[in-house]
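Listed here are the chains, written in short residue letters.
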Amino acid sequence: NAGVTQTPKFQVLKTGQSMTLQCAQDMNHEYMSWYRQDPGMGLRLIHYSVGAGITDQGEVPNGYNVSRSTTEDFPLRLLSAAPSQTSVYFCASSYRSSGTEAFFGQGTRLTVV
Amino acid sequence: DAKTTQPPSMDCAEGRAANLPCNHSTISGNEYVYWYRQIHSQGPQYIIHGLKNNETNEMASLIITEDRKSSTLILPHATLRDTAVYYCIVGSQAAGNKLTFGGGTRVLVKP
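Protein sequence lines, in the order shown, are assigned to chains A and B. Counting in the working numbering, the first sequence runs from 1 upward without gaps. Counting in the working numbering, the second sequence runs from 1 upward without gaps.
What the hints contain is simulated information worked out from the structure, not anything from laboratory work. Possibly wrong hints are sitting among the right ones.
Claimed, not checked - Incomplete in silico selection of chain A near chain B, CB under 8 Å:
| hint | residue |
| --- | --- |
| 1 | F10 |
| 2 | L43 |
| 3 | S80 |
| 4 | A82 |
| 5 | V88 |
| 6 | G99 |
| 7 | A102 |
Small disclaimer: the values here were computed from a predicted structure and weren't measured. For every residue, glycine included, the Cβ atom is placed at its ideal position computed from N, Cα and C.
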């Protein structure tokens, strides 16, 4: 099993550019989520999904869009990148049943200049 | 989701047990206590979780007080590779397994 795979690992964008961060999992997990982590801080939830076709906002959703057309994939789109979106982005997945662990990808380090 | 309070940092001697406290006084009946750790800037790694009973696995033990308002993560024999930020999180599956990360405890294991 590959677990949770995030691509790319590193990305530099210019202000105003758009891009999609990819996240894929091969564990047939219902739940998937995106977090961002700014330097010296804990992770903050951006968006999450409880199954294909269902998404909802987390703590810091502004500037990001998501969709969940398949169980395996949960891409995060930045429509118009801003320097405030410079951060490390983590994708996570887990089963729906109670008290299960979440698996995290290795992160995408994004710099917006 | 209930909030948690953890000390910002602690040191531990290599080979000794590390006891990491966490307060979660507003935890509700269906919320689990989870522990994750993050080594350098890697993705968080699951350690252990529990609802009411104490739990043990190959990595650690979790002790939850009877009133569930606090818990302690125990790393029985800390190694240098256990140096990391440890996060105590409470949450329920009903909330989509959303994890609310606080500041965590930065643990430094010293030789």
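In rising order, the numbers of the hints this structure does not comply with: 1, 3 and 4
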